[in-house]
Amino acid sequence: MTRVNVLYFASLRDAAGVASEAVESDATDLQALYGELRTRHGFTLLVDRLRVATDGAFARWSDGLREGSEVAFIPPVSGG
Amino acid sequence: MTRVNVLYFASLRDAAGVASEAVESDATDLQALYGELRTRHGFTLLVDRLRVATDGAFARWSDGLREGSEVAFIPPVSGG
Amino acid sequence: MKRFSLSDRTFDVVAMRGALLDAHAGAFASFEGWVRDHNEGRSVDGLRYEAYVALAESEGERVLDEALARFDIVDARCMHRIGDLAIGDLAVWVGVSAAHRDAAFAACRYIIDEVKSRVPIWKQERYVDGVAGWLHPE
Amino acid sequence: MKRFSLSDRTFDVVAMRGALLDAHAGAFASFEGWVRDHNEGRSVDGLRYEAYVALAESEGERVLDEALARFDIVDARCMHRIGDLAIGDLAVWVGVSAAHRDAAFAACRYIIDEVKSRVPIWKQERYVDGVAGWLHPE
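Protein chains in written order, with the numbering used here: chain A, 1001 to 1080; chain B, 1001 to 1080; chain C, 66 to 203; chain D, 66 to 203.
Read the hints as simulated data drawn from the structure, not as lab findings.
The beta-carbon is built from N, C-alpha and C at its ideal position, and this holds for glycine as well.
Be aware that one or more of the hints could be misleading.
Covered stretches of chain C (chain D as the covering partner; in silico rule of three or more C-beta atoms under 8 Å from a C-beta of chain D) [as the list claims (entries may be wrong)]:
#, stretch
1, 89–98
2, 101–109
3, 150–164
4, 168–176
Covered stretches of chain A, as calculated for chain C (at least 3 residues, CB under 8 Å) [claimed, not checked]:
#, stretch
5, 1004–1016
6, 1034–1046
7, 1053–1063
DEER-style ranges, computed between Cβ atoms [said to hold, decoys possible]:
#, chain 1, residue 1, chain 2, residue 2, range
8, D, S70, C, S108, 47 to 57 Å
9, C, G153, D, S72, 49 to 59 Å
10, D, E131, A, A1019, 45 to 55 Å
11, D, D130, C, P202, 28 to 38 Å
12, C, N104, A, M1001, 40 to 50 Å
13, B, R1040, C, R135, 26 to 36 Å
14, C, A119, D, E203, 49 to 59 Å
15, A, M1001, C, G83, 51 to 61 Å
16, A, R1066, C, G153, 41 to 51 Å
17, B, R1040, C, E131, 50 to 60 Å
18, A, L1046, C, N104, 45 to 55 Å
19, D, M66, B, A1015, 31 to 41 Å
20, C, P202, A, Q1031, 18 to 28 Å
21, B, V1047, C, S108, 57 to 67 Å
Here chain A stands alone, though its shape is the one from the complex (with noise of 0.2 Å):
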């Protein structure tokens, strides 16, 4: 098990309930994480339409899970 700090943002915060949450996981990418807790909280944002970042910076979905970090799905964006 991995434990990470999940950030929730946007339409994706509301859903969850929280702006984070620490999560154990034995998801082997951040791609199968998601995949978990879109089952969880019910999420309607499907993966294609995400992006995601690890400790602030953007990552790739086949990234493994790293123990202590930050991990943050970010929506579709509507800054401007």
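Dock chains B, C and D against the given chain A, drawing on the hints supplied.
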């Protein structure tokens, strides 16, 4: 003879030595008037690089001279 | 030096512009996004911007770095509001100084386009009829 | 109402911009031309703008009218300095408000391009080495 008031700007004014002058001319159109004044003042700008205006509005070189009107020769502009 | 920044309160456009005044720069282009009173036919009451601050700051800075590398400009800045905004509030400001206007316009356009499409900031509109939603454009 | 104007002294950009603030307009693009310290390799000390005032005002107004007709914008303004200017002085200002940024940028660019190419204003540069000339671009 038609009497007009001619305005000079920028390098034309420097060459003429005056900002405006009263001119009496037999010129049949504004292009011929410019030709006369070019000879008199030694203007280097050829007519095809200028535009012409009468009484504050752009005019055609083929327009005739109107008694008492204000004629301006417009060198290439360089605002902005 | 930081060229991109987030601000949780009204910011001073005059000071931002002043920082770009330069004796070598003949041209200055700027863009501002304001909160409109309508969007796609609905009356808007105000809006809220939220950011993933650490990543928004680094990605915003990257956009500005790209603009400086791609275009023949002297300098550039971008500021984006976060938090609650009312109708008529300034949401985003971009300013670019350059020797000539082609580069100033092109870089200004590049920066606002990239900030809108890449920087992790989200907008939640409050409508006059009460329903609010986060905007996640396709 | 006049949207184009000439000014023989420093003008207030903040007030000009304020006049374009509008609850319907989400986008604002502006352009400023400043007096540079060099032009085509020569050191510039300052410059003088002269206008055929009556025709410059009517032709400038026509440019603004065209912009309002061609682009989906809310409003626009342009101010051009005349007289003596020093390095760093603001020579020309264009501001455009619109619902969306495409039209704001396009109209802003149109206005400055047309003003530069059509409005009877002439620039005389003063060089550090003393020689000054009126610019009459090909």
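Each hint tested on the structure:
1. 89–98: With 10 residues closer than 8 Å to chain D, the stretch 89–98 of chain C meets the three-residue bar; holds.
2. 101–109: holds (count 3)
3. 150–164: Contact hint for the stretch 150–164 of chain C vs chain D: holds, 3 residues under 8 Å.
4. 168–176: With 4 residues closer than 8 Å to chain D, the stretch 168–176 of chain C meets the three-residue bar; holds.
5. 1004–1016: holds (count 5)
6. 1034–1046: With 1 residues close enough to chain C, the hint is violated.
7. 1053–1063: holds (count 4)
8. S70(D) to S108(C): 47 to 57 Å: Because 35 Å falls outside the window, the suggested range is violated.
9. G153(C) to S72(D): 49 to 59 Å: The hint (49 to 59 Å, Cβ to Cβ) is violated, given that G153(C) and S72(D) are roughly 27 Å apart.
10. E131(D) to A1019(A): 45 to 55 Å: Between E131(D) and A1019(A), where Cβ atoms are some 51 Å apart, the hint holds.
11. D130(D) to P202(C): 28 to 38 Å: holds, 35 Å
12. N104(C) to M1001(A): 40 to 50 Å: For M1001(A) against N104(C), whose Cβ atoms are near 44 Å apart, the range 40 to 50 Å holds.
13. R1040(B) to R135(C): 26 to 36 Å: violated, 53 Å
14. A119(C) to E203(D): 49 to 59 Å: At 52 Å between Cβs, range holds.
15. M1001(A) to G83(C): 51 to 61 Å: holds, 54 Å
16. R1066(A) to G153(C): 41 to 51 Å: With Cβ atoms ~45 Å apart, the hint holds.
17. R1040(B) to E131(C): 50 to 60 Å: holds, 58 Å
18. L1046(A) to N104(C): 45 to 55 Å: violated, 25 Å
19. M66(D) to A1015(B): 31 to 41 Å: Given about 39 Å between the Cβ atoms, the range holds.
20. P202(C) to Q1031(A): 18 to 28 Å: holds, 22 Å
21. V1047(B) to S108(C): 57 to 67 Å: holds, 59 Å
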